[in-house]
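Participant: Listed below, chain by chain, are the residues.
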Amino acid sequence: MDLLNLTAHELSAAIKSGETTAVEAMEAVLKQIESSESEINAYVTVDKEAALAKAKKADEDIKSGKLTGPLAGVPVAIKDNMCTKDMLTTCSSKILSNFVPTFSSEAVIKLEEAGAVVIGKTNMDEFAMGSTTETSFYGATKNPRNTEHVPGGSSGGSAAAVAANEAFAALGSDTGGSIRQPAGYCGVVGLKPTYGTVSRYGLIAYGSSLDQIGPLTKDVTDCALILDAIAGKDDKDSTSIGREKYNFADSLVDDVKGMKIGIPRDYFGEGLDPEVKEAVLKAAKVLEEKGAIVEEFDLSLVDYAIPTYYTIAAAEASSNLERFDGVKYGHRAAEYDGLHNMYKKTRSEGFGPEVKRRIMLGSFVLSSGYYDAYYLKALRVKALIKKAFDEAFAKYDVILGPVAPTTAPKLGSSLADPIKMYLSDIYTISVNLASLPGISLPCGKASNGLPIGLQLIGDCYREDNIIRAAYAYECARGEIKF
Amino acid sequence: MKEYETVIGLEVHVELATKTKIFCGCSTEFGGAPNTHTCPVCTGMPGSLPVLNKKVVEYATAVGLATNCDITRDCKFDRKNYFYPDNPQNYQISQLYLPICRNGHVDIKLEDGSTKEIRIHEIHMEEDAGKLIHDEWEDVSFVDYNRSGVPLIEIVSEPDMRSAKEVVAYLTKLRNTIQYLGASDCKLQEGSMRADVNLSVREKGATEFGTRTEMKNLNSFSAIERAIENERARQIDLIESGEGVTQETRRWNDDKEYSYAMRSKEDAQDYRYFPDPDLVPIHITEEFLDEIKAKQPEFKDAKMLRYKEEFGLPDYDIEQITDSKKLADIFEATVAICNNPKKVSNWLIAETMRILKERQLDSVDIKFKPEALARIIELTDKNEINSNAAKEVFEAIFDGEVDPDDYVKEHGLKQVNDEGALRATVEQVIANNPQSVADYKGGKEKAIGFLVGQTMKAMQGKANPGMVTKLLKELLNN
Chain A
1 MDLLNLTAHE
11 LSAAIKSGET
21 TAVEAMEAVL
31 KQIESSESEI
41 NAYVTVDKEA
51 ALAKAKKADE
61 DIKSGKLTGP
71 LAGVPVAIKD
81 NMCTKDMLTT
91 CSSKILSNFV
101 PTFSSEAVIK
111 LEEAGAVVIG
121 KTNMDEFAMG
131 STTETSFYGA
141 TKNPRNTEHV
151 PGGSSGGSAA
161 AVAANEAFAA
171 LGSDTGGSIR
181 QPAGYCGVVG
191 LKPTYGTVSR
201 YGLIAYGSSL
211 DQIGPLTKDV
221 TDCALILDAI
231 AGKDDKDSTS
241 IGREKYNFAD
251 SLVDDVKGMK
261 IGIPRDYFGE
271 GLDPEVKEAV
281 LKAAKVLEEK
291 GAIVEEFDLS
301 LVDYAIPTYY
311 TIAAAEASSN
321 LERFDGVKYG
331 HRAAEYDGLH
341 NMYKKTRSEG
351 FGPEVKRRIM
361 LGSFVLSSGY
371 YDAYYLKALR
381 VKALIKKAFD
391 EAFAKYDVIL
401 GPVAPTTAPK
411 LGSSLADPIK
421 MYLSDIYTIS
431 VNLASLPGIS
441 LPCGKASNGL
451 PIGLQLIGDC
461 YREDNIIRAA
471 YAYECARGEI
481 KF
Chain B
483 MKEYETVIGL
493 EVHVELATKT
503 KIFCGCSTEF
513 GGAPNTHTCP
523 VCTGMPGSLP
533 VLNKKVVEYA
543 TAVGLATNCD
553 ITRDCKFDRK
563 NYFYPDNPQN
573 YQISQLYLPI
583 CRNGHVDIKL
593 EDGSTKEIRI
603 HEIHMEEDAG
613 KLIHDEWEDV
623 SFVDYNRSGV
633 PLIEIVSEPD
643 MRSAKEVVAY
653 LTKLRNTIQY
663 LGASDCKLQE
673 GSMRADVNLS
683 VREKGATEFG
693 TRTEMKNLNS
703 FSAIERAIEN
713 ERARQIDLIE
723 SGEGVTQETR
733 RWNDDKEYSY
743 AMRSKEDAQD
753 YRYFPDPDLV
763 PIHITEEFLD
773 EIKAKQPEFK
783 DAKMLRYKEE
793 FGLPDYDIEQ
803 ITDSKKLADI
813 FEATVAICNN
823 PKKVSNWLIA
833 ETMRILKERQ
843 LDSVDIKFKP
853 EALARIIELT
863 DKNEINSNAA
873 KEVFEAIFDG
883 EVDPDDYVKE
893 HGLKQVNDEG
903 ALRATVEQVI
913 ANNPQSVADY
923 KGGKEKAIGF
933 LVGQTMKAMQ
943 GKANPGMVTK
953 LLKELLNN
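Read top to bottom, the protein sequences are chains A and B. Per my numbering, residue 1 is the first one in the first sequence, and the count goes up by one each step. Per my numbering, residue 483 is the first one in the second sequence, and the count goes up by one each step.
The set of hints was computed from the structure by calculation and includes no laboratory data. Everything hinted at is true.
Output of the computed footprint for chain A on chain B, the stretches with three or more beta carbons under 8 Å from beta carbons of chain A:
{"no.": "1", "segment": "516-528"}
{"no.": "2", "segment": "556-566"}
{"no.": "3", "segment": "569-578"}
{"no.": "4", "segment": "756-769"}
Cβ-Cβ distance ranges computed for the label pairs, FRET-style:
{"no.": "5", "chain 1": "B", "residue 1": "Ala515", "chain 2": "A", "residue 2": "Arg243", "range": "36 to 46 Å"}
{"no.": "6", "chain 1": "A", "residue 1": "Leu376", "chain 2": "B", "residue 2": "Arg841", "range": "51 to 61 Å"}
{"no.": "7", "chain 1": "B", "residue 1": "Asn699", "chain 2": "A", "residue 2": "Ala53", "range": "50 to 60 Å"}
{"no.": "8", "chain 1": "B", "residue 1": "Tyr566", "chain 2": "A", "residue 2": "Arg243", "range": "34 to 44 Å"}
{"no.": "9", "chain 1": "A", "residue 1": "Asp417", "chain 2": "B", "residue 2": "Tyr579", "range": "35 to 45 Å"}
{"no.": "10", "chain 1": "A", "residue 1": "Tyr370", "chain 2": "B", "residue 2": "Gln842", "range": "47 to 57 Å"}
When the alpha-carbon atoms are kept at most 20 Å apart in a straight line, the in silico SDA-like pairs for lysine to any residue are as follows:
{"no.": "11", "chain 1": "B", "residue 1": "Lys558", "chain 2": "A", "residue 2": "Tyr371"}
{"no.": "12", "chain 1": "B", "residue 1": "Lys613", "chain 2": "A", "residue 2": "Leu339"}
{"no.": "13", "chain 1": "A", "residue 1": "Lys344", "chain 2": "B", "residue 2": "Ser623"}
{"no.": "14", "chain 1": "B", "residue 1": "Lys558", "chain 2": "A", "residue 2": "Asp237"}
{"no.": "15", "chain 1": "A", "residue 1": "Lys328", "chain 2": "B", "residue 2": "Tyr566"}
{"no.": "16", "chain 1": "A", "residue 1": "Lys236", "chain 2": "B", "residue 2": "Pro522"}
{"no.": "17", "chain 1": "A", "residue 1": "Lys328", "chain 2": "B", "residue 2": "Asn517"}
{"no.": "18", "chain 1": "B", "residue 1": "Lys562", "chain 2": "A", "residue 2": "Leu361"}
{"no.": "19", "chain 1": "B", "residue 1": "Lys536", "chain 2": "B", "residue 2": "Thr500"}
Heads up, the beta-carbon is just placed ideally off N, CA and C, and yes, glycines get one too.
Just chain B, same shape as in the assembly (with noise of 0.2 Å):
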C-alpha cells in the first residue's frame, strides 16, 4: 500500500471575554432565560444598528500581536448573507476583505523536543448568532437570541498540521496563548472554543494537496485525535478504491465514532460579502497599539526558562504549573511570600490539580489566596501541624473563606512536639502490640510503620510523624 500523508488546517472559534456583546450593550453571560439579554439590535429588529464594542478589537488585537500576526491598520465589517433563524438580520456581521491580523504564527513543540512553526492566514472578529431550540412534541421551533451578538475571533491557520498530536499541540498553545491573555477562558466542552479540522490526504512526496474536507462539531481535544484518525482513514480508503474525496462538510458524531456529510460544494452558499455600510472603518491607532503591547503578559514559553532559571524546578513542575496563567500566577504570588518555590509547586500540582479535578473545577476558578498557602507551606515548616493536617487544612481554605490558623485552632491539629507526652503513647502503643514488636525485632523493619499509625491514631493525628518514628526506633532498639 502506498503511504499517505495527513494535511491538516484548522479554523478555530474564540469566543471573547467581554461584558457585552459586539455590537450592543447586552450581557453576554451565559445562562438566563431565553431571550432576556436580549435588545432591538442583536434581534434583528428594523431600523436598528450596530455600534462596535472597542474591547472586541482590544482582544482581537492582543491574540493577533501574541500570534505574530501583522495587524491591519484600517480594518472593516463586512455582512456574510445567509437565512437561517438563529441569525436575526439574515447576515452575520464578520470580515472577509480585510481581518484584523494577518500572516501571523505560532510554533509548537512536537514529540522529539523540536518546534514546528504553524502560519496564520488570518484572524478576524464576528458576532455569533442565536440558538434553535426544537420541541419535537409540538413540531416547532423556537429561537433563543441570548448568544445572537456574542463577539467571536477566528483563527484560521494555513495547512501546516500533518498528524493529530500537531493538531492537538497547536490548539494547546493557541489556547494557552489566549488564556494568558485573558480575551477567553477558550472551553471545548462549553464551546467557547470550536475548532473545525479541514483535512486531505496525498501520498507521501506530493507536492499537490488532495481534496479536502471540513470537519465540525468537535467538542474535546480527544474528539479532535478520534475524527483525525477516522477521517484520514476515510479519505485513504475512498482514494485507494478510486471513488476520490468528494470536497464537503461533515459532521462528526464522537458516541458513534463516525461523521456524516453535511453539505457538499455543489449547495455550497453564495454569501453575498459586502463591506457592512452600518459600520464605519477601524483605524488602528500606533497609540492604541502600543498600549496593547504594553499589556501583553509574559507568556508561557518565556516563563518556563525564567522558572528554570529563577526557581531550579524540574521540568514537569514548570510544564505544569505554566500551563495556566491562574497557576502560574499564584505560584509567584505565594513563592515571593514564603521564597519555598518547590513546596510550592508540589502543593500546586498534587493537591489543588486533585481537588480541581474532583470538584470538575478549571483552574481559573481557583479562588484560595497565595498569603494562606504561604502560610500551610510555613506551619508545616514550623513543624506546627503535619502533613497529614496540612492537607485537611488546605482543602479548608480552598473556596477562599477561611483563615488557616483559624482552621487549625478550631479543629485542633497543632502537631504534639513534646518529646514527654509522645513518650507516654508510644510506651503505651508498645506494650499493646506485643505481635508487630516482635516482627519488628524479628528483622521486619516494615512494622514499624504500624506501629507509628497506631500511635498516630492515639494521638488523634496530631503528633508529629518524624518525632514519632524517631522514639519508636529508640524504644525498640534499646
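Isolated chain A, as found in the complex (with noise of 0.2 Å):
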C-alpha cells in the first residue's frame, strides 16, 4: 500500500480497519522527511522519537476504541509560530531559537485530541511576515513541485511538507495570505477561517486583529475535517467566537445548483498572470456547468487594501514584537553594557531585516502625530472594505478568484523588492481585514510545470458555501499530476 500517496481521512480510515497503523504511517513519513528534507527543508523541527511514541499511544487507544474520529492516527505538522509544550517552537527566527514552550496552543490540542499526530514545527517566514518563507533564521523553503521556486509564505513550510508527502496535513497561520497563497503555490489546500473561529491561544501573534489559524491538506475533504476539529469558542481567547453550527463536513456536498458566485473585475485586471487568468475562469466555468449562477461584479477598494493590510499588521506588529527582548526567554546578546544596550543589541541580532522593516513601519505609524494620519485612517479603510463585501455577500453567495497574481515565484527574486513582495498579496489580504474565510485549491498547472490557485471567499461564517463549492469544483476537477 503507497500510505504516503493516501489523503489524511484515507489513511485514519487504513488505520481504523487495521490495513496500516499509525507507526507505520509516521515512520513512512518520517522516512520521506529522511530524503527529500535536505533538498524542500519544511521543517525547522522533527522529533522522531516523540512522533513515533504519539503514534503508538495513537495505534493503542484506536484499537482500545478510544479513538474514532476521521483524523485518528494522522500524522501532521504545525506551523512553528504556533506554541507546543516541550517542543522547540522558534518563529523561524534567531530571537526565539532557543525557545521552548511551556503549553501548547488551543489549536494544537484539539488537533492532538481529534487523535492526529504531531510529526514536528514546520519553516515560516520569520514570525509570519514574507510571503515565500525565504526570511526564516533556518533558510527558505523550497517548492516541492519545483525546487527552484519559492514555496510561498508565511506557512511555506506546512505547504511543502504536504506538497512533498512530509505530512499528511498541516497547521498554518493566515495573517493576509499566509495559508492560502502558499497552498496555491504548492498545490495543495488551504483554509483561512472566519475571524476568531479557531482559537489564537498559544499562536505567537503578528497581527493580532488578522491572525487565523487554518488547515493546509492534500484534499478539501481534509480541509473540512481539520477544521472541525480545531473550531471552537475558547475562554482563553477573548477574540473567540462561539458558533451556531460547527460541522463542517457536512458542507462536503457535491452539489452548487443554484448557489450564487461573483467574480470581482478588479482582481482580473493589470498584473493577473493570462495563465493564472485563463485557469481561474476555467474552474468558473466548471462551477457554472454544475448549476452555479456566475456572474461579473465590481468589487471597488482593491487598491487599498495593500496599504491597509500593512498599516495595521505592522502597527500591531511592533507591539506584538515588544516582548522579545532578551529579558525573559530567547536569544540575548552574549555581550553588552547596561540594559538599553542590552536591549538594542539583542534585537538587533535577534531579529532579520524583513521584521526590522515592519516593526520600524509599525512604530512609525503609531507615533505621536502620525497615529491618525495612518493608523486610524487604515482603520477606516477597513472598515470600508468590509462593508464592500458586505455588499457583494448580499448578493453572491461565493466570490471566485486567483490566489495570487502569477505561480510561484523563483527563489530569490522577491526580497529584494519588498513592495513587489507585498503586492502579491492583493487578493488575499482584504479577506483577513473583511474578516472572511477564504479556501485556496489547485485549478490548474503553468506551463512552467507550477500549481495555479483558485480562491473562493464566504461571507463571515459561512464556511459551508465556500467548501461546498470548493468540493463540488474538486469533484469535477478531478487530480491534477503536478
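From these two lone chains plus the hints, build me the complex, please.
Facilitator: Right, here's the structure in full:
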C-alpha cells in the first residue's frame, strides 16, 4: 500500500480498518522527510522519537476504541509559530531559536485530541512576515513542485510538507494570505476560517486582529475535517467567537445548483498572469456548468487593501514583538553594557531585516502625530472594505478569484523588491481585513509546471458555502498531476 | 514679593480588591515567593492572551458612579508601549482613547466649613507592573511578576486644587468613597493607593497656568503635604530668579525632604498608544449599570446627616465613626442591639481607636462582634461589671474569639454590689488610713479619691466605684 499518497481521511480509515497503523504511517512520513528534507527544508524541528511514541499511543487508543474520529492516527505538521509544550517553537527567528514553550496552542491541543499525531514544526517566514518563506532564520523552504521556486509564505513549510508527502496535513496561520497563497503555490488545499473561529491562544501573534489558524491539506475533505477538529470557542481568547454550527464536514456536498458566485472584475485586471486568469475563469465555468449562477461584479477598494493591511499588521506587530527583549526567554546578546544596550543588541541580532522593516513601519504609523494619519485612517478603510464585501455578499454566496497574480516566483527574486512582494498579496489580504473565510485549492498547472490556485471567499461564518463550492469543483476537476 | 497661587491636579492609582488579576486567573494576594502568583499571561509568554476580569469593570464603574462620572458605555483597552523589564510584554494594557469614566467630580470640605468641587477628568482601568529586585553585590537584577497584572484604576483630576490641605481633603474623600465601595483598601503606605502630584504656580489673578512638574513617590498624606510646600517654594524661587520652571517628572525623598528630576519633557517617551487587538470592546449595559447602582452603599456624607438626625450624636463622634465603613457598620449593628448610640460611639472612638493604634491595625482589620460590644455595654449598664473591668473584657473580645460573659466569669470580674460586704472593707480602709481621713475632714475633698482607690484595691477591682464613694462619704461625714 502506498501510504504516502493517501489523504488524511483515507489514511485514518486504513488505520482503523487494520490495513496499516499510525506507527507505519509515521515511519513512512519520517522516511520521506529523511529523503527529501535536505532539498525541501520544510521543517525546523522533527522529533522522531516523540512522534513515534505518540503514534504508538494513537494505535493503542484506536484499538481500545478511545479514538474513532476521521483524523485518528494521522501524522500532521504544525507551523512553528504555534506553541507546542516541550517542543522548540521558534517562529523561524533567531530571537526564539532556543524557546521551548510551557504550554501548547489550543488549536494543537484540539488537533491532538482528535487523534492527529504531531511530526514536528514547519518552517515559515520569520514571525510570519513574508510571502516566500525566504525570511526564515533557518533558510528558505523550496517548492516541492519545482525546487528552484519558493513555496510561498508565510506558511511555506506547512504547504511544502503536505505537497512533498512529508506530512498528511498541516496547520498554518493566515494574516494576509499566509495559508492560501502557499497552498496555491504548492498545489494543496488551504483554508483561512472566519476571524474568531479558531482560538489564537498559543499562536505567537503577528497581526492580532488579522491572524487566524487554519488547515493545509491534500484535499477539501481533509480541510473540512481538520477545521472541525480545531474550531471552537475558547475562553482563553477574548476574540474567539462561539458559533451556532461547527460541522464543516456536513458541507462536503457535490452540489452547487443555484449557488450564486460573484467574480470581481477588479481581481482580473493588470498584473494578473494570463495563464492564471485562464485557469481561474475555467474553474468558474466548471462551477457554472454544475448549476451555479456565475456573474461578474465590481468589488471596489481593492487598491487600498495593501496599504491598509501593511499599516495595521505592522502596527500590531511592532507592539506584539516588543516582548522579545532578551529578558525572559529567547536569544540575548552575549555582551552588552547596561539594560538599553542589551535590548538594542539582542533585538538587532535576533530579528532579520524583514521583521525589522515591519517593526519600524509599525512604530512609525503609531507614533505621536502620525497615528491619525496612518493607523486610524487604515482602520477606517478597513471598515469600508468590510462594507464593500457586505454589499457583495448581499448578492453572492461565494466570491471567486485567483489566489495570487502569478505562480510561485523563483527563489531569491522577491526579497530584493519588498513592495513588489507586498503587491502579490493583493487578492488575499482583503479577506483578512474583512475577517472573512477563504479557501485556496489547485485549479491548474501553468506551462512552467507550477500549480495555479483558485480562491473562494465566503461571507463571515459561511465556511459552508466555500467548502461546498470547493468540494464540488474538486469532484469535477479530478486529480492534477504536478 | 509677588503673591503666588499654587495649582494642583492629581493622578491617583488605586489597586482594586479583586481576588484575581485583571487579565488572568492568578492571585492578587500580597507577598508570596517571587513569581509564584504568575502564569503565561502575566509573564508575557509568547502566544498567551489576556481575558478581562469582569470584577474590575464592576469596581471601576462603582467608583465612577460614586464620583459622579459619566460611564463610557462602550469603552476599550489600549496598549501603552514602553520597554522596561518590570513590564513583561513591554506594553502596559491601559485605557487612553475611551476610558471607562469621564467628567466626574467630588465635593471636599474646606477648613472654613464651605465646600469645593474638585472635577475628575477621567478614571481608567489598567494593569500593574512587576517588581525589579537589584542585587547590589552581584550587579544583577531580578524580576518578580507577582504584581504584574494586578488591576488598577487611575483617577485623574482637573487642576482644581490650590493647597496641600485641599489635596489631602480630596484624597481623604476619594479614599473614604472607595473604601465604602469595598473596591480597595487604599493604603498609601502599602502602595494600594498612590498619588502623583502635578503642580504649577502662577501669580495671583493670572488666568494662564504656569509650567507644571509631576511629583512621584509620595507615600503618606504628610509626605504629600511636605512635597507640595517644598515644590511650591522651589518653583517660586525659579520664577523669581528668572530661570523658570522646567516641565519634568520629579521624585520626592521624604527622609531628606527634597525632590530631584527623574526625566524632563524632552526625553518623554512616545508610548504609541493603540487599541489592544487582543481584547474586545466592553459594552456596559443598562442592566449592569442598574446592578452596580443598586449595590452602592450609603456614603459618608449621607450617613453623617442621618446619624445626626437619628442618633443625635456630637459632630465629632459622627465624623470619626463614618470615617470608615467598617466602623460605621459596627456602630449601626451594635446600636441595633443595645440602643445606646452614645455609649457605642464612645467605645468605638476611644477604646477601639486606642487598640488599633497600639496594634498598628486599620479599622478594616476589626474582628470583634457587635453582639459582644453590646453585651459589654449591657453589663456595665446593669452594674454587673465596672468600667475598668469593661475595658479588660473589651480587650479580650477584640480579636473576636472570646465571649464577654465567659471572660467575666472566668476572671471573676463581676462587680460587688453587696453593700454589706463593701461596708466592711470601707470601714477597714478608713481605719487603716487616718492621715487621708484627716485630710478629707480638713477640707481636702480630693483625699477621697485615694480612699476609693484603696477600697478598689482591697476588692481586687471588683467593687462598684460609685457605691464605694457613696459609702465612704456617708461614713466620713457622720
